[in-house]
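Student: As a plain string of letters, each chain reads:
2 protein chains.
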Amino acid sequence: MADPYSKLVSSQFGRRMAGRLGLPTPTPLRRYRPGDPVVSGPVLVGAAEGSRLGAPLARTLEAVHAEVHETPAEDERYAGLVFDATGIESSTRLGQLRDFFSPVIRRTARCGRLIVLGTPPEEIEDPAERTAQRALEGFVRTAGKELKGGSTAQLVYVSRGGEQSVDSTVRFLLSAKSAFVSGQVIRVGARRAGQADGQQPLREKVALVTGASRGIGASIAETLARDGAHVVCLDVPAQGEDLTKVANRVGGSALQLDITAQDAPQRVVEHFAERHEGLDIVVHNAGITRDKTIGRMSEDKWDPVLTVNLAAQERLNAALLADSSPLRRGGRLIGVASISGIAGNVGQANYATSKAGVIGHVQALADRAAERGVTINAVAPGFIETAMTAAVPLAIREAGRRMNSLAQGGLPVDVAETVAFYADPGSDGVNGNVIRVCGQSMLGA
Amino acid sequence: MADPYSKLVSSQFGRRMAGRLGLPTPTPLRRYRPGDPVVSGPVLVGAAEGSRLGAPLARTLEAVHAEVHETPAEDERYAGLVFDATGIESSTRLGQLRDFFSPVIRRTARCGRLIVLGTPPEEIEDPAERTAQRALEGFVRTAGKELKGGSTAQLVYVSRGGEQSVDSTVRFLLSAKSAFVSGQVIRVGARRAGQADGQQPLREKVALVTGASRGIGASIAETLARDGAHVVCLDVPAQGEDLTKVANRVGGSALQLDITAQDAPQRVVEHFAERHEGLDIVVHNAGITRDKTIGRMSEDKWDPVLTVNLAAQERLNAALLADSSPLRRGGRLIGVASISGIAGNVGQANYATSKAGVIGHVQALADRAAERGVTINAVAPGFIETAMTAAVPLAIREAGRRMNSLAQGGLPVDVAETVAFYADPGSDGVNGNVIRVCGQSMLGA
Chain A
207 MADPYSKLVS
217 SQFGRRMAGR
227 LGLPTPTPLR
237 RYRPGDPVVS
247 GPVLVGAAEG
257 SRLGAPLART
267 LEAVHAEVHE
277 TPAEDERYAG
287 LVFDATGIES
297 STRLGQLRDF
307 FSPVIRRTAR
317 CGRLIVLGTP
327 PEEIEDPAER
337 TAQRALEGFV
347 RTAGKELKGG
357 STAQLVYVSR
367 GGEQSVDSTV
377 RFLLSAKSAF
387 VSGQVIRVGA
397 RRAGQADGQQ
407 PLREKVALVT
417 GASRGIGASI
427 AETLARDGAH
437 VVCLDVPAQG
447 EDLTKVANRV
457 GGSALQLDIT
467 AQDAPQRVVE
477 HFAERHEGLD
487 IVVHNAGITR
497 DKTIGRMSED
507 KWDPVLTVNL
517 AAQERLNAAL
527 LADSSPLRRG
537 GRLIGVASIS
547 GIAGNVGQAN
557 YATSKAGVIG
567 HVQALADRAA
577 ERGVTINAVA
587 PGFIETAMTA
597 AVPLAIREAG
607 RRMNSLAQGG
617 LPVDVAETVA
627 FYADPGSDGV
637 NGNVIRVCGQ
647 SMLGA
Chain B
207 MADPYSKLVS
217 SQFGRRMAGR
227 LGLPTPTPLR
237 RYRPGDPVVS
247 GPVLVGAAEG
257 SRLGAPLART
267 LEAVHAEVHE
277 TPAEDERYAG
287 LVFDATGIES
297 STRLGQLRDF
307 FSPVIRRTAR
317 CGRLIVLGTP
327 PEEIEDPAER
337 TAQRALEGFV
347 RTAGKELKGG
357 STAQLVYVSR
367 GGEQSVDSTV
377 RFLLSAKSAF
387 VSGQVIRVGA
397 RRAGQADGQQ
407 PLREKVALVT
417 GASRGIGASI
427 AETLARDGAH
437 VVCLDVPAQG
447 EDLTKVANRV
457 GGSALQLDIT
467 AQDAPQRVVE
477 HFAERHEGLD
487 IVVHNAGITR
497 DKTIGRMSED
507 KWDPVLTVNL
517 AAQERLNAAL
527 LADSSPLRRG
537 GRLIGVASIS
547 GIAGNVGQAN
557 YATSKAGVIG
567 HVQALADRAA
577 ERGVTINAVA
587 PGFIETAMTA
597 AVPLAIREAG
607 RRMNSLAQGG
617 LPVDVAETVA
627 FYADPGSDGV
637 NGNVIRVCGQ
647 SMLGA
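If you read the sequences in order, they're chains A and B.
Following the working numbering from start to finish, the first sequence increments by one per residue and tops out at 651.
Following the working numbering from start to finish, the second sequence increments by one per residue and tops out at 651.
No lab work stands behind these hints, which were simulated from the structure alone.
A few of these clues could be false.
To be verified - Cβ-Cβ distance ranges computed for the label pairs, FRET-style:
(1) A:ALA261 x B:GLY484: 48 to 56 angstroms
(2) A:ASP305 x B:ALA479: 37 to 45 angstroms
(3) A:ARG312 x B:PRO510: 20 to 28 angstroms
(4) B:PRO309 x A:GLN405: 52 to 60 angstroms
(5) A:LYS498 x B:MET594: 34 to 42 angstroms
(6) A:SER504 x B:ARG239: 56 to 64 angstroms
(7) B:GLU591 x A:GLU505: 56 to 64 angstroms
(8) A:GLU329 x B:ALA479: 44 to 52 angstroms
(9) B:ARG283 x A:LYS498: 40 to 48 angstroms
(10) A:GLU329 x B:GLU331: 18 to 26 angstroms
(11) B:ALA467 x A:ARG258: 33 to 41 angstroms
(12) B:ALA479 x A:ALA264: 49 to 57 angstroms
What the hints assert, rightly or not - Derived SDA-like pairs (lysine to any residue); straight-line CA-CA distance at most 25 angstroms:
(13) A:LYS498 x B:LYS498
(14) B:LYS354 x A:THR233
(15) B:LYS498 x A:THR233
Quick reminder that beta carbons are idealized off the backbone N, C-alpha and C, glycines included.
Take the sequences, apply the hints, and build the full model.
Tutor: Rendered as structure tokens:
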């Protein structure tokens, strides 16, 4: 393709480069295995003067049996560095970030976690405080780029009144479940969070995953099943064989259906009303690509991509938010966007438009979902190692894989873990978010 | 520095690459010279069914004497492709983008302009329409990456009721003044726009430019003076000699002042109240860097960067928005952010925090500014060729310069032209924006 970077890596020198250059060997990321503790080393906690999240943070850290330090110990390596910056009310106080992190950031353990907590700027009246809280983003995104050894950095904006809702987010970000999530800004609202069993947070939940026969969809089905959900795996009839295998593997059931069919929403609604007495989690993972540059893009490349990736999802969600829906209170609608939808991508005008639309759809429905007692969020994968990316030419693939702060591609399970975080009953306050699962890709808008 | 790309380009192969690889020769960008027409070739205009910006668009195109086509002529090359997408109310209608652009996008002239107009998604109630309007972004960002020959692509969201305010934005984007602006989303609100003289839009305006003794600041001073403003050039006393030269060159005046001094806001207020009977345009261009990674960043690297780049600007704007301010109705507050403030940057935690703060400051004050009859906006430069970037090692510089859709660095005048666009009396509806001047840099968040 024709963007400067692609040209670079497909040039003669770029190719040789991919094989021989002095790129760092990426750190193998630690990923979650059932039974693992949330955090496996000491966590250093600090707070700006006047911050308000100390108590909920302490409760979460105690609940996960973390060894909490409040002053740095000599020679200690920290699995987590957590700073509550909600007390920072003006830019002249931002130096407290430096005061806390500068002496210890080089002592972050392998696959360590840096978390800064703030207040959503858009909810702040006072201009000086709003400015300072927005400034946190520049610090955290820089920290993500500076950290080495598979460590990540995130900013969590917690609404005033949302102090009791932050638990699931902190757990997720501290844990190995967020291995490939870095440089992200997550917003937690003021809604009361449900309680969940630590090992099986989705017990007795019924989930629907579209495009579940392989790749990321299959991984999402597995991860939700691991967490206790009954997963209904949906895909088109042509994928029936693979679909059955996945459904059997996860102890769920298979539903062969073309989500673009006129009656698809009605059939889904009926299926869950009749067979499961309800539905809790819907993951709109089904997606297709039909790449062409705009000048060569025919209708038959455009229409199916928009229909599968966006319109089908909109129709189904409309049906699920209607009065007669089987979607239960505490329900979760989860979309799959893409970095292409954020940054655009050569040859993918159709795909990027559909994925930008997924982001718009989440934002458009967040308030409505909240009124119904459900949430809607999306993940935006970056470079994930799948059969689809394996088909990309080597040099471009190698480049795509390296162009992020963790210098490697993610795995389908990384997307699945973020979906499971949204699905968690403790994530009631997490609504309207789009979290990139991209290792803090350099690409963006 | 330590991010993957920097490592790549500072490696042995990266260096050789920078000299020898098969990167495209970037197209020399056409830049505005006084007397040039806004657009120097035919403009193809289209609209989705039910769109609402046809009349104001026609008025603008007539006013700039554009040759307007409504159906593509055989073999014509277009200086502008403008599509009014405000009528698109659902994702199933997004194909109209393809219908319009696919047959003609390869006939964009050198340094051509692609513009899509929409409605701000956040102002739309209907979820389907909101989703579709948000989806436009994926299309435009892709188009920006696909276009060749120095052409650019932008999305302009025009509020309902803002039909009369869009003129200055369309002129800017069609013209060579926006040479290095691409892949941007600009919002135009419903405020009535002032009238301006085409050649000297800033006649009788008084402007203040901080950090005006060189580089981008000097270029801003020159550009505002070209447009008719009396420019007060401000810098620290140590830059006095250069400052005087710039002030003389632009027929303005020099003001030696340290903007971080306790009494700086008061002195500025007094200066303009006494010497100029008022002030219209303030450009907060002064900025410094003190790069270190977080682990090595001392207070004396942090504090001055935050103070100069952010706190001084906040204090001055607070004084200028107070009741006794010399800032006149129709006034303009303009900040300078940075891609580092959006994406973070290795070694620049202080700088990125300050620049993210500038973005927060603009967002925090936009409503307040509007109540006072003024606007506040920011530019976020990407790689701009200045003495500062000339000091960057060759390989990194060459990479930084190429990593955007135009495959080259911008010039100080590109930042200055965007500032002049904000300053234009016709830009009353442009408030709370952060426009990147980066050639659609691949880097982002």
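Student: The structure should be examined with respect to each hint, and the outcome stated for every one.
Tutor: Structure-based check of each hint:
1. A beta carbon spacing of about 51 angstroms between ALA261 (chain A) and GLY484 (chain B) agrees with the range 48 to 56 angstroms that was offered as a hint.
2. A beta carbon spacing of about 40 angstroms between ASP305 (chain A) and ALA479 (chain B) agrees with the range 37 to 45 angstroms that was offered as a hint.
3. For the pair ARG312 (chain A) and PRO510 (chain B), the supplied restraint of 20 to 28 angstroms holds, since their beta-carbon distance comes to about 23 angstroms.
4. About 57 angstroms separates the C-beta atoms of PRO309 (chain B) and GLN405 (chain A), a value consistent with the hinted range of 52 to 60 angstroms.
5. Restraint check, LYS498 (chain A) to MET594 (chain B): a C-beta distance of roughly 41 angstroms satisfies the suggested window 34 to 42 angstroms.
6. For the pair SER504 (chain A) and ARG239 (chain B), the beta carbons lie near 41 angstroms from each other, so the given range of 56 to 64 angstroms is not met.
7. Between GLU591 (chain B) and GLU505 (chain A), the C-beta spacing of about 43 angstroms breaks the proposed range 56 to 64 angstroms.
8. Our hint of 44 to 52 angstroms for GLU329 (chain A) and ALA479 (chain B) is violated, since their Cβ atoms are close to 36 angstroms apart.
9. ARG283 (chain B) and LYS498 (chain A) have their C-beta atoms about 22 angstroms apart, which leaves the hinted 40 to 48 angstroms range violated.
10. Range check, GLU329 (chain A) to GLU331 (chain B): about 21 angstroms between beta-carbon atoms, so the 18 to 26 angstroms window is met.
11. For ALA467 (chain B) and ARG258 (chain A), the hinted distance range of 33 to 41 angstroms is satisfied, since their beta carbons lie about 34 angstroms from each other.
12. Between ALA479 (chain B) and ALA264 (chain A) the Cβ separation comes to about 53 angstroms, which falls inside the hinted range of 49 to 57 angstroms.
13. Note on LYS498 (chain A) and LYS498 (chain B): the hinted pairing is violated, with a Cα-Cα distance of about 43 angstroms set against a maximum of 25 angstroms.
14. Of the supplied pair hints, the one linking LYS354 (chain B) and THR233 (chain A) is violated, its CA atoms being roughly 38 angstroms apart against a limit of 25 angstroms.
15. At roughly 24 angstroms between alpha-carbon atoms, LYS498 (chain B) and THR233 (chain A) fall within 25 angstroms of each other, so this suggested pair holds.
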